[in-house]
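Which chain is which? The protein sequence lines are W and Y, in order.
If you count by the numbering used here, then the first sequence holds residues 1 to 245, one letter each, in order.
If you count by the numbering used here, then the second sequence holds residues 1 to 488, one letter each, in order.
Simulated from the structure, these hints should not be mistaken for laboratory data.
Among the hints, a few may not be true.
Below, simulated DSS-like cross-link-like pairs (lysine-lysine); rule was C-alpha separation at most 25 angstroms, straight line [stated by the list, open to error]: (1) Y:K405 - Y:K371; (2) Y:K287 - Y:K268; (3) Y:K50 - W:K203; (4) W:K203 - Y:K39; (5) Y:K211 - Y:K124; (6) Y:K405 - Y:K432.
Between beta-carbon pairs, the in silico distance windows are [said to hold, decoys possible]: (7) W:G129 - Y:E482: 25 to 31 angstroms; (8) Y:K371 - W:A107: 38 to 44 angstroms; (9) W:N160 - Y:S320: 54 to 60 angstroms; (10) Y:K33 - W:M1: 21 to 27 angstroms; (11) Y:D92 - W:D64: 41 to 47 angstroms; (12) Y:A57 - W:M1: 41 to 47 angstroms; (13) Y:E78 - W:P99: 24 to 30 angstroms; (14) W:E170 - Y:E326: 48 to 54 angstroms; (15) W:K203 - Y:N219: 29 to 35 angstroms; (16) Y:K23 - W:Q159: 43 to 49 angstroms; (17) W:N160 - Y:L446: 27 to 33 angstroms; (18) Y:S45 - W:G149: 26 to 32 angstroms.
Positions of the beta carbon are idealized from the N, C-alpha and C atoms, including for glycine.
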Amino acid sequence: MRVALFVPCYVDQINPEVGVSVVRVLRRLGVEVIYPEGQTCCGQPAFNSGFFDEARTIGRRFLDVFEGERFDYIVCPSGSCTTMVSHYYPFVFENQALPDDRERAEALGHRVREFSDFVVNVLGVKDLGASHAGRAVFHTGCHQRRELGILNEPRDLLQNVSGLELLEWENEELCCGFGGMFSVKMPDVSTAMADEKIAALEKSGADTVISCDSSCLMHLGGRLRRTGHDTRVLHLAQILDSDGR
Amino acid sequence: METSKPARRRDTEDRRREGLESKVEGFNERGRKAVRDRKLHDSISLFTNKTLTGRNAQLGAHPDAPELRERAYRTKQETMANLDYYLSQMADAIEERGGNVFFADDGEDVVRYVGDLARRCGAKILAKSKSMATEEIELNHRLEEDYADLGLEIVETDLGEWIAQLAGETPSHIVGPILHMNKERITEILSGVSDEDLPPDVESLAAFARKRLREKFLNADIGITGANFGVAETGTICTVTNEGNARLVTSVPPVHVVVMGIEKVIPKFEDLSTFVQLLSRSGTGQKITVYTNFITGPRGEGELDGAEEFHLILMDNGRSKLLGTEYEEALYCIRCGSCLNVCPVYRQTGGHAYGSTYSGPIGAVITPLLKGDKEAKDLPYASSLCGACTETCPVGIPLHDLLLKLRNRQVEEGMAGRAESLMFKGFERTMKSPVAYKAGAKVGRLMQKPFAKDGSIEGAPGIRGWTDFRELAPLAEKSFRELWKEGI
């Protein structure tokens, strides 16, 4: 099994340790990992803000870079960036002068898998023999929940982490308020959304928030720190890579 | 919640002067005020949580829900493709039964038709049941102004709408017009029109309202309703209510006027079985509402009730221009309000923050479509694009995808801000070349140095929309790609 890693730009630049954990976990499962170094960003920030032309330029580049590699799957440690490629590339290339961009996007989109989806559904693994002492809640990013429908996979993996108590929290399905540029365009409302999540988090008694999306964690974590909480935020891959930490 | 570490708390007022955040105006300003109003927040939570629990029990658990939704979508799709046919079929059916039909291009046409009718009938009191279509064109206000000489008294008879009318407010939710008010506020408003102070309990308040409204029903000259659905093959108007006021409005006054958006037509009577189920289950979490009325034209020979005169106004008001466009699905809406209840933005701000008749995700979609982008510039951005709206919509409108398209439409029309446009041009240039990307990251690492303190970026210009509210982690010392090169 050969996998091309797609590391979102903010993971590359702000949370590189998440990418490192993904590589370690995949290798431990016998997967050959390549990292196409020409990759940059999927273009989602431009797309979500309505700048479709700019998003298409970046999207075309993404297709060029990954089409030039040999692999079985593209694996990405983000439900949101996976969705951009698998769902929104075909959307943004719809009705364009060059129809083959849409076909290219569809073909590649079928081969992009979010990290937990890949581990559970492609590799068929649910127990990585990891351990993590603590009480945690899991936050499912909205794209992962609604566009990808990956709900049970991260939980299945976390159930098998020894020492980890996975707790339920209220209104689990509510957005964390990040929403990309929304967080800076409408910061008061965005922050109020984060605060509602944090209130539920406090009620749950968890000391850690785990997610498959570092962007949600950046938002929740940033607000948690600002409001004086010492709750940890960790990507699922970091929990599963407990040996390497 | 914000208790410990007071030294790190910073005042979030009036610090945003520059950068990418939206100006503090429009939705942003109203939303900002709303999220600080705890009473409002409690009132919204009470309504949306209760309705959602009901919706999940009645529709979420309904084994046929996916099939119903699919059928509703297909029916709407087919109806819109042949809208002129179905509207004329409906008009013929009504005229055949002795009713009048008027096609109104816009709100002006509706106001004129109803005003002239009131003049002709010598009407004084107009009793209305809840209708978003008439809210959309501000019918009450316009009639009072344009036909001031008639001295019309226009009374909303839906309890919530009546209270909103007494308070001089507009509805803040499609289904629950005064969900933003608590019991104390409602007591205050009703006491204001009563001879005595009313006790703040639901029974007394309802009894007072019932007595007052009963007088209006009995003396009304014209009854005005909206239509939840209009059936093309029979000309039947269907209204779905819980208070029975629509039944009184349509049976006591001698004249009944229906103001119906043209998109509310459905082809067959049997289609109602799909739509009424979806509407009541998603809108209020009921299997069926208390009153479901079917009215087909004026009182017929030998019939015991119904208005002597019946007028159906089929209102376009910007709808037909969406037909055949990529926004057509916005016309499938049955106004159940479910997308408002699940929307995390609406749940924080309530409906008035949107500054439009229709609020929540559907409001953010149809307001710019019906009134123009300039009238609702900020609404497509009043969403984190979480997709809860699309997931819950009982007729399958891809609401958050339509919001994305509307954002793009604004960019194409040159309505995006200069700073943002420049930023995304720069973003495009940076991201299309790994060399530029790496160089950009290098510059970023240099530039953040003066602002990086204790693992956070502080005081950097242009990103205060973020840093005034949350900590921002700095760029890592080494990127993933550098670590990869070094060997993992």
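For each hint, the structure was consulted:
Distance check on the hinted pair: K405 (chain Y) and K371 (chain Y) sit about 16 angstroms apart at the alpha-carbon level, within 25 angstroms; holds. For the hint linking K287 (chain Y) to K268 (chain Y), the alpha-carbon distance of about 21 angstroms falls within 25 angstroms, and the restraint holds. A threshold of 25 angstroms between alpha carbons decides the hint, and for K50 (chain Y) with K203 (chain W) the separation of about 20 angstroms falls inside it, so the pair holds. With a C-alpha separation of about 21 angstroms, the suggested pair K203 (chain W) and K39 (chain Y) falls inside the 25 angstroms cut-off, and the hint holds.
As the CA atoms of K211 (chain Y) and K124 (chain Y) are separated by approximately 20 angstroms, the hinted pair is consistent with the 25 angstroms bound. Between K405 (chain Y) and K432 (chain Y), the direct Cα distance comes to roughly 23 angstroms. Compliance with the 25 angstroms bound is thereby established for this hinted pair. Distance hint check for G129 (chain W) and E482 (chain Y): the Cβ-Cβ separation is about 30 angstroms, which falls inside the suggested range of 25 to 31 angstroms. Remark: the range hint 38 to 44 angstroms for K371 (chain Y) to A107 (chain W) is upheld by a beta-carbon distance near 41 angstroms.
At about 57 angstroms, the beta-carbon gap between N160 (chain W) and S320 (chain Y) stays in the expected band of 54 to 60 angstroms. Range check, K33 (chain Y) to M1 (chain W): about 54 angstroms between beta-carbon atoms, so the 21 to 27 angstroms window is missed. As the Cβ distance of D92 (chain Y) to D64 (chain W) is approximately 58 angstroms, the hint placing it in 41 to 47 angstroms is violated. At roughly 44 angstroms, the beta carbons of A57 (chain Y) and M1 (chain W) sit within the given window of 41 to 47 angstroms.
Between E78 (chain Y) and P99 (chain W), the C-beta spacing of about 27 angstroms keeps the proposed range 24 to 30 angstroms intact. For the pair E170 (chain W) and E326 (chain Y), the beta carbons lie near 37 angstroms from each other, so the given range of 48 to 54 angstroms is not met. Take K203 (chain W) and N219 (chain Y): their Cβ atoms lie about 53 angstroms apart, and the range 29 to 35 angstroms is violated. Between K23 (chain Y) and Q159 (chain W) the beta carbons are some 47 angstroms apart, a value that agrees with the proposed interval 43 to 49 angstroms.
Separated by about 43 angstroms at the C-beta atoms, N160 (chain W) and L446 (chain Y) break the suggested range of 27 to 33 angstroms. Distance hint for S45 (chain Y) and G149 (chain W): a CB-CB separation of about 28 angstroms, consistent with the stated range 26 to 32 angstroms.
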